[in-house]
Amino acid sequence: MSAPAAPAGRWASLWGLAVVPLLLLGAVLAYLVATGGGLKTLQGPPVEQLNIGRVTLPERGVIQVQVVNDGPQTVTVPQVMVDDAFWSFTADPPGPIPRLGRATFMIPYPWVEEEAHKVALLTTLGTVFEAEIPVATLTPQPGRDLFLRFGLVGLYVGVVPVVLGMLWFPWMRRLSAGAMNFILALTVGLLVYLAVGTYLDAQEFAAALPAFWQGTPAVLLIALLTLGVLLALGSKRRTEEAPLGLSYRIATGIGLHNLGEGLAIGAAFALGEAALGTFLILGFTLHNITEGLGIVAPVVRQQPKFVQFAWLALIAGGPAILGTWLGGFAFNPVLATVFLAVGVGAIVQVVWEVGRLVARNTAALGAPLVGWSTLGGFTVGVALMYFTAFFVKF
Amino acid sequence: MSWLRSFLSRRDVLRVGAGGAAVLAGSAALGQGRTAHGAGHAEAASPGSAVPAAHAGHGNNLMVGTVNHKRNGFDPMAMLTDWDWGKASILPSGQTLREYTMIAQNKDIEIAPGVFFPAWTYNGRVPGPTLRCTEGDRLRVTFINQTAHPHTIHFHGVHAAEMDGVPGAGPGEIQPGGRFVYEFDAEPFGCHLYHCHATSLKRHIHKGMYGAFIVDPKGGRPPAQEFVMVQNAFDTNFDGANEIYAVNTVGFEFARRPIPVRRGELIRIYLVNILEFDLINSFHLHANFFNYYDTGTTLEPTSRIVDTITQAQGQRGILEFKYKFTGNFMFHPHISEFTELGWMGSFQVVEPEAYPAALKAAGVDDQWARRSRQGIAGGQS
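Heads up: the sequence lines are chains A and B, in that order.
86 is the number that our numbering gives to position 86 of the first sequence; each next residue is one higher, with no gaps.
631 is the number that our numbering gives to position 237 of the second sequence; each next residue is one higher, with no gaps.
Note that these hints are calculated values from the structure, not bench results.
Heads up, the beta-carbon is just placed ideally off N, CA and C, and yes, glycines get one too.
Any given hint might turn out to be false.
Claimed, not checked - Counterexamples of contact, computed for chain A against chain B with all Cβ distances above 10 angstroms:
1) Q49
2) P78
3) V80
4) M81
5) M172
6) G234
7) P243
Claimed, not checked - No farther apart than 25 angstroms at their CA atoms in a straight line, the calculated lysine to any residue pairs in the SDA-like style are these:
8) A:K118 <-> B:N454
9) A:K118 <-> B:L673
10) B:K501 <-> B:F671
11) A:K305 <-> B:G459
12) A:K118 <-> B:I729
13) B:K501 <-> A:V128
14) B:K501 <-> A:K118
15) A:K118 <-> B:H452
16) B:K464 <-> A:K118
Unchecked claim - Facing chain B, a subset of chain A residues (Cβ under 10 angstroms, in silico):
17) F86
18) W87
19) G126
20) G366
21) L369
Looking at chain A on its own, in the form it has when it is part of the complex:
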């Protein structure tokens, strides 16, 4: 007869059994470390790996390179080459870089404005790690003026188009139930486009991360986890009772997407390539205007207060400002990847919710879920995003 639950006296033996594998694991590890486990002859040549993170030009005649050792062993960089020439440098901290360690190299090199340069780090074993400076220009220094200007850029590409899109609200209120359902399907379309775009952007950031972050699978997993958490939170909620809540969730998802856009814009301005800036800002404003439409679509039958519109606009558009500052002044590719991955999950969750709304509405109208109206709306939503993106993709 086995006891249904372990009585108090059995606790010791219960935990004892749980600990046994751990003790054995410790013994195996100790054996491997101490003796090599009889595998010493299998050990290959040493592997050196460095991830070159940031290359900045903080002042005239100075190149700064930041690296992370994401390889399995310590790496030493005794020599540095710039443009195929050995060059003097200082390393901070000096000496070998341990696994997962960081170092910053300062190289007094007379780089040339608007020209390309190549930095190469030569390790003890002769491995070469290269980084490009595609267009040399002074890295912007944080300052009040630039701070304001970056904020303005974020305002133009984030807040302004969302607000403009929201101005369709009075027009949308006069639409028939069928037309409104078309608009909701359109919202699904544009959200799907944003989910795909945000995912691809996240993967692009992830690919540049040091290998140990495992960025590529992390993006997918963070997105799935976010989606799961949001779905679990939303499972107690009935959408038809809280359309404003749905609007807020759409705004949040779009906000995370716009944060990513802001990051990219800020990083590009940090490169000093502002020649295309105005054109791009125009393009983004046009591209993002549909976002406002999507945010207010669920609340067409409600009477939201003005302050709620303001909050929605801020949540959806404001992160673009924040992103521009972060991208321009304090870029962190790890955080950028995480933000964008969370954004993917958030957008997919609102796709799910708006999709259910569309399903309910079509059912109420007595139409099939996938009919010409919903499919048309979806297609127009994707097409609007796709074709307006022509202004921002080259």
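With chain A held as given, fit chain B onto it using these hints.
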């Protein structure tokens, strides 16, 4: 952030083509951002702080730190005058016999401060010993292969087919643990070369199996201060392109330690180009002109009053010149890339009375100076 690439694409398309540009631009864009440059960097201790500021360098175009020549077992400066006359004796015919032993060994050598190269060597050094003899001498070179790969010695010169040191001739490739005696008469006189001719040829050469082979004319050459300079380079990451260029192996060694010479004294350089992967190398002398003896097989210059010569792979020659002025004078290939990647040095020209001090500053002794003037006389002892 593909639109971000577009910020950069115009210039990149011009430069490297659209395909590669996207990746490079993308990663560099991510690299831009906050600048953490502050006062901390100035006092950050680093290998760079050990660089002597006073040497005849190229501004900041230098290697950081110094090479441990003791650990290497050879010093590029000592190699300049380190002639190997072999073990000399007289054969019954009256001919001089010179016996050498050459051992193929693997060795990690330091080719730039802190950078190690898994070299294949003759006698543990790169370049191998500078074999020197007189035209008509009998040479007997015992070759022992102590490595795990087959090797040979292929001498430039005139000899029987089985002494050619190539696969399929005579013993062919000398297998690991094997040995062979190469024997032939030294002819013609000139500045020659020997190297491993086992396959794959490129690898056996660029891994370090080569050296200078100088055959003096019977009547000798005019007295001079003589140096041997083997132009070589190293492909440290085995991508088929060299990372480090030098004479006598260590990049910028003679920029760190200029070679001491006396004003007005004739200088003779035995120049060998054993560069792999690059088709040509060259030699340019600052503030001077020289006479050049192509391959060294003539007693009359083949080019007069030139200041730059070009050598393709395996070409050699002898340079003769004197300095009119004292001071530091650079020499380097007039291929800027090679210069900036380590093949650069200078002569420190001094008045005769300042010469002992200059020797001391360069870290060499009287014996080094004596050897540099031994010329053909060294072979007679």
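Hints and how they fare:
1. Under the 10 angstroms C-beta cut-off, the non-interface status given to Q49 of chain A relative to chain B holds; the minimum distance is some 13 angstroms.
2. Taking the minimum C-beta to C-beta distance to chain B, about 2 angstroms, the non-interface status of P78 of chain A is violated against the 10 angstroms cut.
3. Once the 10 angstroms rule is applied to beta carbons, V80 of chain A is inconsistent with being away from chain B; the minimum gap is 8 angstroms.
4. With a cut of 10 angstroms on Cβ distances, M81 of chain A falls inside the contact zone with chain B, its closest approach being about 7 angstroms.
5. Non-interface call for M172 of chain A relative to chain B: holds, since the shortest CB-CB distance, roughly 30 angstroms, exceeds 10 angstroms.
6. Listed as outside the interface, G234 of chain A is consistent with that label: its C-beta sits roughly 30 angstroms from the nearest C-beta of chain B, beyond the 10 angstroms cut-off.
7. Annotated as non-interface, P243 of chain A keeps its C-beta farther than 10 angstroms from every C-beta of chain B; the closest such distance is 34 angstroms.
8. Taking the CA atoms of K118 of chain A and N454 of chain B, the gap is about 16 angstroms. The hint holds against a cut of 25 angstroms.
9. A distance of roughly 24 angstroms separates the Cα atoms of K118 of chain A and L673 of chain B; the hinted pair therefore holds under the 25 angstroms criterion.
10. For the proposed pair K501 of chain B and F671 of chain B, the alpha carbon gap of about 22 angstroms is at most 25 angstroms, so the pair holds.
11. The straight-line distance between the Cα atoms of K305 of chain A and G459 of chain B is roughly 70 angstroms, outside the 25 angstroms bound, and the hint therefore fails.
12. Between K118 of chain A and I729 of chain B the CA atoms are separated by roughly 19 angstroms; this keeps the pair inside 25 angstroms, and the hint holds.
13. With a CA separation close to 21 angstroms, the supplied pair K501 of chain B and V128 of chain A stays within the 25 angstroms bound.
14. Straight-line distance between C-alpha atoms of K501 of chain B and K118 of chain A comes to about 32 angstroms, which puts the hinted pair past the 25 angstroms bound.
15. Of the supplied pair hints, the one linking K118 of chain A and H452 of chain B holds, its CA atoms being roughly 19 angstroms apart against a limit of 25 angstroms.
16. The straight-line distance between the Cα atoms of K464 of chain B and K118 of chain A is roughly 34 angstroms, outside the 25 angstroms bound, and the hint therefore fails.
17. A cut of 10 angstroms between beta carbons decides the hint on F86 of chain A: the least distance to chain B is about 5 angstroms, and the hint holds.
18. Hint status for W87 of chain A: holds, given a least beta-carbon distance of 6 angstroms to chain B, under 10 angstroms.
19. The beta carbon of G126 of chain A comes within 3 angstroms of a beta carbon in chain B, closer than 10 angstroms, and the hint placing it at the interface holds.
20. Taking 10 angstroms as the C-beta contact cut-off toward chain B, the hint placing G366 of chain A at the interface is violated, the least distance being around 43 angstroms.
21. The restraint placing L369 of chain A at the interface with chain B is violated, with a minimum CB-CB distance near 34 angstroms, outside the 10 angstroms limit.
Violation of the numbered hints given earlier is confined to hints 2, 3, 4, 11, 14, 16, 20 and 21; the remaining hints are satisfied by the structure.
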